[in-house]
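Taken in order, these protein sequences are the chains called A and B.
Residues 1 to 774 (the UniProt record's numbering) make up the first sequence, in order.
Residues 1 to 624 (the UniProt record's numbering) make up the second sequence, in order.
One or more hints might be untrue.
[Unchecked claim] A few chain A residues facing chain B, derived, Cβ under 10 Å: (1) CYS138; (2) VAL143; (3) LYS172; (4) VAL178; (5) GLU202; (6) ASP327.
[Said to hold, decoys possible] Example chain A residues on the side facing chain B (calculated, C-beta under 10 Å, incomplete): (7) ALA48; (8) PHE50; (9) GLY169; (10) ASP197; (11) ARG207; (12) ASP260; (13) MET261; (14) VAL292; (15) GLU331; (16) ASP360; (17) PRO441; (18) GLU444; (19) PHE652; (20) ARG653.
[Said to hold, decoys possible] In silico DSSO-like cross-links for lysine-lysine, where the CA-CA straight-line distance does not exceed 27 Å: (21) B:LYS122 with B:LYS401; (22) B:LYS401 with A:LYS291; (23) B:LYS447 with A:LYS291; (24) A:LYS435 with B:LYS203; (25) B:LYS190 with B:LYS338; (26) A:LYS243 with B:LYS450; (27) A:LYS188 with B:LYS450; (28) A:LYS435 with B:LYS338; (29) B:LYS450 with A:LYS191; (30) B:LYS85 with B:LYS396; (31) A:LYS291 with B:LYS190; (32) B:LYS548 with B:LYS577; (33) B:LYS396 with A:LYS291; (34) B:LYS199 with A:LYS435; (35) A:LYS191 with B:LYS447; (36) A:LYS291 with B:LYS199; (37) B:LYS190 with A:LYS387; (38) B:LYS447 with A:LYS188; (39) A:LYS191 with A:LYS761; (40) B:LYS394 with B:LYS338.
No lab work stands behind these hints: they were computed from the structure.
Predicted model, so just to flag it, every value in this text is computed and none were measured.
The beta-carbon is built from N, C-alpha and C at its ideal position, and this holds for glycine as well.
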Amino acid sequence: MEERLWNHCENTLTPSSNVADKPLSLQTLASVSSLITNPSTSDPTIFAIFQTLTSSLQLSHDPLLLRHLLKLLSDLAVHRPHLSHLVFNSVRAHSLLSTDSTRLAAESLSVLASVAEHDRTLVSAMDELDGDLFVSLCFRPCVSVRSWLLSNADRFRVRPYLLLTVMLGFTKDPYPNVRRVALDGLVKLSKSIVCDDRGVIEGCYCRAVELLHDMEGCVRAAAIRAVSGWGQMLIVSNQDGDKTYWSDALFVQLCSMVRDMSMEVRVEAFEALGMVKMVSDDILLQTLSKKVLVILKEKKSLGHCTSKQFEISASSAAGAFVHGLEDEFYEVRRSACYSMRTFPILSDEFAGEALNLLMDMLNDDSMVVRLQALETMHHMATCDCLKVQETHMHMFLGTLVDSDTLIRSAARKILRVMKLPNLEMFKSYIDGLIKNLEIYPQDEVDVFSVLFNIGRNHGKFAACIVQEVSQEIDPRGEKLSFNSVKVAAWLVLAISASLSHDQHSCNIPPRIYSYAVTLLGRISRALSDVMNPNTLLTYLSLCSRSTSSSDTEFRKEESFLPVIKGDIPTYASIEMISYSGVPLRQISDAPSEIHSQKMWEPRELVETQFLEYQPELHDEVVTKYMKLIPANIEGVWPLIQSGCMVEVLRTFRSCKDELTTFTTDSHGSAGALAFMLQYIRVVKLLAKVWVHFLPERKVCSYGMGELHLLLGKLDRSLREMRYRFMGLSKEEELHVLELILLSCILRLSKVEVCCHHATLKKLSYYNFTCRISM
Amino acid sequence: MGKGSCSTAACTWAISITAATPISLSSPNLEISIMPSPASSSLIFTWTMLGLFPTLRKFVGIAGPIYMTYPTKALAPLMLEDYRKVMVERMGEQEQFTSDHIVECMKKVIAVDIKQTVQVDKDLQIRAYYAGHVLGAAMFYAKVGDSAIVYTGDYNMTPDRHLGAAQIDRLQLDLVITESTYATTVRDSKYAREREFLKAVHKCVAGGGKVLIPTFALGRAQELCILLDDYWERMNLKIPIYFSAGLTIQANMYYKMLISWTSQKVKQTYASRNAFDFKNVSSFDRSLINAPGPCVLFATPGMISGGFSLEVFKQWAPSELNLVTLPGYCVAGTIGHKLMSGKPTQIVLDKDTRIDVRCQIHQLSFSPHTDAKGIMDLVKFLSPKHVILVHGEKPKMAFLKGRIQSELGIQCYDPANNDTVCIPSTHYVKAGASNAFIQSSLNPNFKFSKTIPKDKTHLVLKDTMTMSRLLVSDERVDEGILVMEKSKKAKVINQDELLPMLGKSKHEVRFAYCCPVHIGNSEGTKTLSKNRLPISDNHSWLHMVFAKLSSELAGESIQDLGEHLQVESFHVSVCLKDNCPYKTADNPKKKSEAVFFCCKWSVADEKLAWKVISFMENLDLSSI
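Just chain A, with the same shape it has in the complex (with noise of 0.2 Å):
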């Protein structure tokens, strides 16, 4: 079959019949191309397809044929690798780079390309084509080859430097859609490009500039981009001081843009407006103003320099904020609310202003700007800058009972961070969330669990409604009334009462843990995520039983209870991080790091409750096992290395087991042992993973599946290292730090791609962390 199609297919492409007359029919390039695509024709076609294609390159004149040609040739040198080294070469060798047409040889251009970027060996030959060519076919007089080319630019490995010149020469193209191709090119250089010539970087800030009054709207919200991009590596260019002035100069041109006519520039407007760092309070705080503020006024001109590209009065700041969230449009709305997330942290009274702006925006009618309103004022609270009064409450809480059930969970996930200055407040929301309860059933888990946070972050409230409905509580005659919601969220707002770090709980009336006893199932569901159903049934027991609930007394107990039992089942506070904490896209913004660190603290404290490692309780015995410990894990590496698990395996369960003997005689050291498990129990399953890493060796049994839920475990057991035990030293919070890298190499080593991306982000969070404990 392949050889008849093949032998049809050659009389009709040979040189001699193909150049007499007849044009070659498309039927006939079709069933080349599928010779070519198809994974079984024999070698010895492919080539003979090769070497005729090649040939008839060199013969043909007709464009389109050349064009089917090129096409073909670089179809084969995706599918037959082996050929890509003879491909490349003739295509560079043809005389096609240097024709006359264009488009042509911007496709041969485009061949070699492809087929360098699928044969990492052809690279360097690619360099050696250098940007000449490229340049010279921008310089033709062709229009749409030039814009391919501009916006494909970073395909031709073209110096740096050269695309430079050549994005900015262009940003004076008549023609907009090349204008636009220009600045966009301009803008990936911005993020690529090393440059420190100071009049480099301007110049292509000022020709962005003034290309924001352009007639096209695609060329200015390009313009927008481009200007965005330089503007920050001006920023960085300039000293302290004239940092300060050249932000703020950036910010007021982009402010300018924000009245365009067009959406998109608006939106884009307002995406570069988010990105700048830092900005002058009152330029801040005349955006969220339309007239002029007086202070702004006074100072005709930004700083103190100025040239007449940056004359630009403060004006055009004037309401910047407002225009775009009494926007028509929902996404430039939903764009402003975003931007105004970087701003509050940088100013208290744009904060507050800014916030009764974001008040109003609940009252929008599209759910993705109310939602993205929530958002930034989630945002504010984790920098803790989210002061709320009482004239916004009323829409505030109407967000708890919002038919959508985003917009709902996302104003209790502000309600969990949220810090409330008084006992009417905290009221008020208790009695939001309960309505919230009653009209949406089905949110109950995560109402709880928002409850039980407010609840422990604010005790002394708590405590106090408590004691106010306790009464209500009480089983009226002889039906307890149980069956409402009210009364399960009170009995939650207790628990957290009893448990939250300021000590003001004392006065619960025990019955009412005994109550709590009775709705387990639903409140520890609810709670999951912070204690295991048993650890709360015995809290709760322990509470009812004792006249003055005597939580101090349980924590003592509570401080060993995990350990005894041997279990760690839920990983309280990883699954706690993950869920409630900050997510962990937010981390690699820099402003927010710090706060979303600030966060997490209370929720370490937390877990010292239940595990506290103090090494200066030891007793000898057990300190001076603990040194033998990672002592006798250095032996056991060079098992490891030579792949012997079963001796490995089993020195370690001695291991466990000499470490629980000493368990049940003494008390005191129980948290210094459950790190010692843990630690053991890492190095076993980093043991386990390594097996995979073992060259030459191939475990049939051991799967790529099973390496991921290794690697998994491993994880998990790493985290809680790290999270649940204090008052480590400082070597040894480096070590588990070590090891956490280590199994993120690991992970970045093997597994597929898909994980790399959450891998890497974990690296860069951890990395943070570690400058932050260093």
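Based on these hints, arrange chain B on the given structure of chain A.
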């Protein structure tokens, strides 16, 4: 009617300015209709011009077509008829036009769509842009020949609940004529006002009161109704909202049909629900005026100047439970105006009727007009060459005019009624282009240069002073030369073509200077006769200069071409003439001690030349 004509021979705008709407009695409101020259008598119609109806009969006489947007065309007869009725039946004025006139007039109307370009006649081109304000409001772009203007009519730069904000392209304009109703007001976000309004209404109905909302039929009624309907929905309120029968209900119907002229939100929800299908709204019946229980009622006219809203007001005003919301602006003399100015306890309607006013009053300034910032923003965006402000109060307009001129640097006018304003307009000259020029224009030809900022203020910053910014310029167009020959069309040619075209050869200006170089009083020179060096020596002198120069000018490439040295266009050769015309007379050096070198250079290398010469003059070859 005044006529302002803006000149150049090619086109004439006839701008007619009329004292406008019967509603705005107090201020010198100006309305403009655009009629491009008496030659073609067609009329572009913007919403504000409904106020022109007293002059309607004149328009009936116009031969040409009348252009309106689709919603305007649909709603205009309705409004006209209503207006006629009010004037004739209620106010008892003399009938200025009849129903037949309206029908007659509407026959001439041609509808245009947003951004549709209409070629009215050979010269005039018009295009409508969305203006917000009310349903169907449009700004018109008009172009005659090369001069172009935008007439805004009324517009709104911030969207409201049912209409979008004005939207226009960036255009090359000679003139923008903009309304300036709120020339000095800057409004803050309307969200706060909405919240206040909702709170007041909610409080009133929750207390069992009735709410009267007098409105104009179009725009504000729908705006407030959407707001209330949404709120009712969210808060799950069951209290009835009524629309007074007639016009408003009919207008709602038109809104439903003309959904494409509303805001993004209304358009997007249209698929699931038409935003003008108010869930909680029903039509009002007279018998319901005194029905028990709370309700909300929308009634016309807006300023309680008569009609149904006055009727209801009479009934409801005496109860303190009730609420009346007033629009932001009421004409003096109306009840609305009386209520706004102070808090009267009694309103005297006529001799026999006095109304006790005990109800609450809430003033609500939702205005569909743009504020001062909006006007500035629009003018800034369009950046026309001239601006004319109309439709506003004189002192405020003067203030805005000052701002436009000082902040935006655009010439601005605020003509009074009957004033004539002359605006120079653009006139393009068409020129042909030679092939070579077109070819050269197709190829990019950009150049980079560094500039040292001349701005003195830069000196403040130490490092900006030394900094030079990279500039880019595309010189394709610079290379063209405009050639205008007698009795021939102007033509742009490439600079290379000029000489052959003129049949002339190229002249070049060169400078020359005969430069003496000191050779000292050495023995060798003394023996020479007539101060003339043998040729071989000439070469050696030249060589010596060459050696010196090449060590001095390391950066330049100096070539020794035997007879002369060359740097760029700078030539040096030994001068063999005794009386070389380039020798300067007052040469201090004795002839015997110097060798003369003739230097020649072209203008471009002047700097370099003088550098070399000054070096050579200070050179002492004797020391070698």
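Hint check:
no.: 1; hint: CYS138; verdict: 7 Å, holds
no.: 2; hint: VAL143; verdict: 9 Å, holds
no.: 3; hint: LYS172; verdict: 4 Å, holds
no.: 4; hint: VAL178; verdict: 9 Å, holds
no.: 5; hint: GLU202; verdict: 5 Å, holds
no.: 6; hint: ASP327; verdict: 7 Å, holds
no.: 7; hint: ALA48; verdict: 43 Å, violated
no.: 8; hint: PHE50; verdict: 37 Å, violated
no.: 9; hint: GLY169; verdict: 4 Å, holds
no.: 10; hint: ASP197; verdict: 8 Å, holds
no.: 11; hint: ARG207; verdict: 6 Å, holds
no.: 12; hint: ASP260; verdict: 7 Å, holds
no.: 13; hint: MET261; verdict: 6 Å, holds
no.: 14; hint: VAL292; verdict: 8 Å, holds
no.: 15; hint: GLU331; verdict: 9 Å, holds
no.: 16; hint: ASP360; verdict: 4 Å, holds
no.: 17; hint: PRO441; verdict: 18 Å, violated
no.: 18; hint: GLU444; verdict: 22 Å, violated
no.: 19; hint: PHE652; verdict: 62 Å, violated
no.: 20; hint: ARG653; verdict: 63 Å, violated
no.: 21; hint: B:LYS122 with B:LYS401; verdict: 35 Å, violated
no.: 22; hint: B:LYS401 with A:LYS291; verdict: 18 Å, holds
no.: 23; hint: B:LYS447 with A:LYS291; verdict: 43 Å, violated
no.: 24; hint: A:LYS435 with B:LYS203; verdict: 22 Å, holds
no.: 25; hint: B:LYS190 with B:LYS338; verdict: 25 Å, holds
no.: 26; hint: A:LYS243 with B:LYS450; verdict: 23 Å, holds
no.: 27; hint: A:LYS188 with B:LYS450; verdict: 24 Å, holds
no.: 28; hint: A:LYS435 with B:LYS338; verdict: 45 Å, violated
no.: 29; hint: B:LYS450 with A:LYS191; verdict: 24 Å, holds
no.: 30; hint: B:LYS85 with B:LYS396; verdict: 35 Å, violated
no.: 31; hint: A:LYS291 with B:LYS190; verdict: 14 Å, holds
no.: 32; hint: B:LYS548 with B:LYS577; verdict: 24 Å, holds
no.: 33; hint: B:LYS396 with A:LYS291; verdict: 16 Å, holds
no.: 34; hint: B:LYS199 with A:LYS435; verdict: 21 Å, holds
no.: 35; hint: A:LYS191 with B:LYS447; verdict: 25 Å, holds
no.: 36; hint: A:LYS291 with B:LYS199; verdict: 26 Å, holds
no.: 37; hint: B:LYS190 with A:LYS387; verdict: 23 Å, holds
no.: 38; hint: B:LYS447 with A:LYS188; verdict: 22 Å, holds
no.: 39; hint: A:LYS191 with A:LYS761; verdict: 19 Å, holds
no.: 40; hint: B:LYS394 with B:LYS338; verdict: 24 Å, holds
Of the hints listed earlier, those the structure fails to meet are numbers 7, 8, 17, 18, 19, 20, 21, 23, 28 and 30, in rising order.
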